[in-house]
Amino acid sequence: MKFDFRDFLLKLKKSLGGLKLKMDFGSERTMLMAMEKRRAIAGYVFNSPFLIGMIFFFLYPFIQSMIFSFNSIQIGTQGYEMTGVGFSNYYRAFMVHPTFRRVLVESIVQMITDVPLIIIFSFFAANLINQKFRGRAVARAIFFLPVILTSGIILAVENNDLLLGIMSGAIQPDTAAGAVRALELRTLLMETRMNPRFVGYIIDAVDRLYEIVKASGVQILIFLAGLQTISPSLYEASTMEGATGWENFWKITFPMISPLILVNTVYTVIYSFTNPNNPVMEIIKNTAFAESRFGFSSAISWVYFFVILGILGILIGVISRWVFYHD
Amino acid sequence: MKAVSLTKAGQAFETKEQRANWRHAVFFQAKKVLWVTVRTILVAGICFLILYPLAAKLSVSVMAERDLYDITVCYVPKHFTWENYRVVWKHMNFPETFFNSFWLSLTTGILQVISCTLVGYGFARFDFPLKKLLFGMVLVMLVVPPQTIMVPMFLRFRFFDIFGIIKLISGNTVNLIDTFWPFVLTSGTGTGLRNGLYIYMMRQFFRGSPKELEESAYVDGAGPYKTFYYIMLPIAIPMMVTIFLFSFVWQWTDTFYTTLFLERLATLPTVLSSLAVSINYQEFGPMATMSPAYASMLNNTGSVLVILPLIIIYLIAQRYFVESIERSGIIG
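In order, the protein sequence lines correspond to chains Y and L. Going letter by letter, the first sequence gives residues 881 to 1207 in the working numbering. Going letter by letter, the second sequence gives residues 354 to 685 in the working numbering.
Please keep in mind that the hints were generated in silico from the structure rather than gathered at the bench. Yeah, the Cβ is synthetic: ideal placement off N, Cα and C, and Gly gets one too. You may find that some hints are simply not true.
Said to hold, decoys possible - Distance ranges between label pairs, derived from CB positions:
hint : chain 1 : residue 1 : chain 2 : residue 2 : range
1    : Y       : V1198     : L       : T434      : 50 to 58 Å
2    : L       : Q382      : Y       : Y1115     : 17 to 25 Å
3    : Y       : N1007     : L       : V527      : 52 to 60 Å
4    : Y       : I992      : L       : I467      : 38 to 46 Å
5    : Y       : Y1115     : L       : I467      : 35 to 43 Å
6    : Y       : Y1151     : L       : T390      : 31 to 39 Å
The shape of chain Y in the complex, shown without the other chains (with noise of 0.2 Å):
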């Protein structure tokens, strides 16, 4: 056999060579470049279905609703075809759609009165139910009932429920017995000269006091978790200082918390607004599925998004700037 002294050479090069890699993999340097690149293969390993589903079931439909807005659609049996109308979809949604215009502005005022009721009442109950009393845990397991038992349909067969209207007398504004009710708290509070406006929302929220109580129920857990967080110690210091319960509650309990009123506000926001229920969102799907205009829900739903983006910005920006952060 003829000895080929290149070939061999080169072997030897590529030998050598993978020695080289070796032992500069051995250092510690590009050892630690390894491993990082191993943890952020594995952190795409880790994320890779949401990877898959954020790209083909949400950034793909999203994009494609915007081009959809811009858009009319006709569906066949083989698929659907698309002529492109402009901006006249976002036209009509304003300018001809019969009540887009109304119930937007209508959800708008709602979820601006319900928002802080909410936030004040989830707060109260979650400080109540934190004390310590016999048949604390009944009471909040029964808190927490409206996180399962007033989701989806359940609530919306409630809300249009004649009976339950009627029988709950006590409780809905709308029957006799409720309306007295309300009449003397608005005389009660009329006499004490506040501001009528003031006066009519406190009312406001009196006659609502149930639906605020259903809407409350996570808002509730996340303060609840909140306060337990807090450390005992803190509480402990300052009574020794002299500092009354009210003032623990405005110097440790309030600021501490505040981080999870911010929370807890973008939360309820988000869950007014996307919520099936909210007419809004029945204008979008009715367009849809019962007048079978794609395009047109698609323009409405994306204004929609806009102005909640818009109002999240705001309320955000807002209740930041005086968010204490314990760190």
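Here the structure of chain Y is known, so what remains is to put chain L in place on it, guided by the hints.
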């Protein structure tokens, strides 16, 4: 001379200081009693508000129709009957609908737990390029109303295809509407009903759990996957149960995705939403209309049937709901 004063109880005090102390104690005690009373009333009141509609539903569901018009009947039925349940049971086709709903909720629940645990761990413990962007997408997903992507989603599953491969082979796209596939695909990939929230909760949970365990596993030579499987997964089980419960319950009552993806396949929410109308049509014919009170009565009975399984789950797994967010450290 020492000042001796008598209280109403006839107790003598030695000094002024003692008297002040006693007064203070009485005042403190009175304040406490007052607060306990107020608190009890408040807690009981709120509990009543929450339980009331449930009780009202139950009481209406066992009444006969004439009890509704009887002014002397208030909550306690005069003519106790299971008739409403019989009618509703028959028209809801309850056993079949129940199991449709059950399998659907179970599937989505399990898939969502798996995907959210994986993804949440990935976000909490690994650094990789574009991670911030990807997590930003989770937050965007929370904010975007599902209605915005509703139409494209519907069309995607109505004419389902993977890069045109299916059309190439069979000459046509697949219609996945009225199957569980849309639910399987979306919840398996972390984009189903309220999935953003679950991913966020899982990420917060893993971020809050101690790193030492994982580090010791790495030192012992385990890779990231082994570490996840043997060390982190057992820790995360309570949180997984919580997410499963939320996912199950919310899927159980969801009307949005079920009416979007299922047209003929009956589930509890879809059947309940049209219950009164369909009973009216089948029992009284298309021309007649039943009384609104009776319709409402049937709706309440149907609601009880939908709620009952949830209540049972809640009673069994109540602590997982209550402790859930505490555990997730959503505060951090």
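Checked hints:
no., hint, verdict
1, Y:V1198 x L:T434: 50 to 58 Å, "holds, 56 Å"
2, L:Q382 x Y:Y1115: 17 to 25 Å, "holds, 21 Å"
3, Y:N1007 x L:V527: 52 to 60 Å, "holds, 54 Å"
4, Y:I992 x L:I467: 38 to 46 Å, "holds, 39 Å"
5, Y:Y1115 x L:I467: 35 to 43 Å, "holds, 42 Å"
6, Y:Y1151 x L:T390: 31 to 39 Å, "holds, 34 Å"
In terms of the numbered hints stated before, the structure departs from none.
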